[in-house]
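For the first sequence, the residue numbers in the numbering used here are 1 to 560.
Check each hint, because a few of them may be wrong.
For lysine to aspartate or glutamate, the following EDC-like pairs were computed, each having C-alpha atoms within a straight-line distance of at most 20 Å [what the hints assert, rightly or not]:
no., residue 1, residue 2
1, 550, 261
2, 227, 197
3, 251, 261
4, 12, 79
Computed spacing ranges between beta-carbons, pair by pair [said to hold, decoys possible]:
no., residue 1, residue 2, range
5, 85, 26, 52 to 62 Å
6, 109, 416, 45 to 55 Å
7, 426, 218, 36 to 46 Å
8, 300, 363, 17 to 27 Å
9, 416, 306, 45 to 55 Å
Since the hints were derived computationally from the structure, they do not count as laboratory data. Here a beta-carbon is modelled for each residue, glycine too, at the ideal position from N, C-alpha and C.
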Amino acid sequence: MNIIARLRAELKHALIKAVAIANKKMRLPAIEIPDFILEVPREKDHGDFATNLALLLAGVLKVPSRKIAEIIKEELNFEGLPVIKAEVAGPGFINFYLDPAWALRVIPEIINQGEDYGRVNIGNGEKVQVEYVSANPTGLLHMGNARGAALGDSIASLLDFADYQVTREFYVNDAGTQIENLGKSLSARYFQLLGFEAEIPEEGYHGEDLVATTKNFIALYQDKYLKESASVREKALVKYALDEAIATIKKTLAEFGVHYDVWFSEASLYAIGSVKEIIERLKEKGFVYEHEGALWFKAREFGVEKDEVLVRHNGVPTYFAADIAYHVNKFQRGFTKIINVWGADHHGHVARLKGALAALGYSPDAIQVIIMQLVRLYRGGEIVRMSKRRGQYVSLEDLIEEVGRDAARYFFVMRSADSHLDFDLDLAREQSIKNPVYYIQYAHARICSLKKVLAEKGRAVPRVDQTDLTLLTQEAELALARRLADFPEEVARAVQNLAPHQIASYLHEVAGLLHTFYNHHRVITADPALSNSRVLLVEATRIVLANALKLLGLKAPERM
RNA sequence: GCGCCUGUAGCUCAGGGGAUAGAGCGCUGGCCUCCGGAGCCAGGUGCGCAGGUUCGAUUCCUGCCAGGCGCACCA
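The whole structure should be built from the sequences, with the hints applied where relevant.
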């Protein structure tokens, strides 16, 4: 347990004990203690921790809250705790003021735990699957995919850090109507490139990228597929195009620092009969009906606005049907927590998917869908208008090239998923204080640079057990240590909310505290004892920065 | 029309049942020039509007207004 959690537990215990003693002394009536909170007050003047216990008791006991607070305060015993004083304030809060040196206890903890500092056990090894990006393998990755990649990957890292057993997964949409269209489009290009008349179907893919793909295909197979049946030809072309597209996606995501454990093929669900099977199961349970030649799922029975087609009149199952099968498959693989990161344009899909899974007897609550709002790019203070048709289009590859992978990733996770993201390309590209990702990485690089200077002077990072940390008495030192101590709780909060942006804010704050400290005080001084304690403070900071950066998929550079 | 998300400082956003609501950027003035000065200090009439619940609401609930996104036998 980290030092903050420990102290919280001890303070809560002391408070409960104080109430018990007050009961015994008949100063307060016997009462069940409500679930009170022990928070860090916004105002510094209100102490290091504050509790609303007396306010809650006042509601039940009908005694003025301040009076209750006074009684509790008088019965509190702080033996063995780093509490200097407690005060009753405001409407009846009890504020605790700590020995400022208390926070320094975190430094040995950080140094000893190293890259494990900040780990919290929330998951208990629970199997969780995180699905993100899952872009159509028929085009370039766009900004929505990119945000999903950064978010999903960070969420997975956070869960891993919180002791979940995480599987990162990309669902490949390699089946269905769009693939048929792709086949027809490729086939048309194939004919065209070999000098025949052919027309791309209206719903097909008209982009130039298919020309390149088809040329690559011809380089391999020449006109071998001219004489084959349409279905054989389209199959071969589609397979080739998908392999190529997926390889490209994989490569781009890898450049973005995003890696998967599983690339799950939609087509495989058809191949093993899963789609048919779930449709049968829904039929048996009476949740489907036929209408105008199509097979419908009774989504309305699960609180969804309208029913949904499972199988089209032409006999082809919808994406919805396949997605049900996919999620059943997730459950069958033993995942008890399933997280999907989807764009806002897919939110309508959530309720009916959960409805279908409930119909099949699975717990829809095991599925959490993170709906992220759309991304708008700004360049030169103006919105970058995207148009695939006019070729004005920024892909993830372009973005990485323009602003760099770390800046891109930071910008995508620095806002909550709920918030529309205005992505300022100029700012992301800037290598200055204005750019938060540089500000943070610079803090890390600065510490590394300092360690180099130390090494050049023939000195090493001192051992914790041989260093007198109580020499750290400056406000900037204590404030930094105090914030470093918060890291495990920040991780826990971010995990509970599935919100990497909270880590981003925390990082920015720690970097700021480091810069403040660094510019006020010299680390390497003539006083070796003080130097040693400062080196350890700074090294602890470096570890926290590195661990937090890693959670967001960012590099912790040694120099910049 | 219905559903989801959003509305907090000039801008971009965080926070969130409590005591005086924050950060970054921008702007203005001053300080500092030493391990990488990416530093420090000062400057603010801000929670869209109206009800409700509560000892206490910016936070929860309802309605309204505004923006985004959905409402396909697309995915």
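Hint by hint, here is what the structure shows:
{"no.": "1", "hint": "550 x 261", "verdict": "holds, 18 Å"}
{"no.": "2", "hint": "227 x 197", "verdict": "holds, 15 Å"}
{"no.": "3", "hint": "251 x 261", "verdict": "holds, 15 Å"}
{"no.": "4", "hint": "12 x 79", "verdict": "holds, 14 Å"}
{"no.": "5", "hint": "85 x 26: 52 to 62 Å", "verdict": "violated, 26 Å"}
{"no.": "6", "hint": "109 x 416: 45 to 55 Å", "verdict": "violated, 30 Å"}
{"no.": "7", "hint": "426 x 218: 36 to 46 Å", "verdict": "holds, 42 Å"}
{"no.": "8", "hint": "300 x 363: 17 to 27 Å", "verdict": "holds, 20 Å"}
{"no.": "9", "hint": "416 x 306: 45 to 55 Å", "verdict": "violated, 30 Å"}
Going down the numbered hints, you'll see the structure goes against 5, 6, 9, while the others check out.
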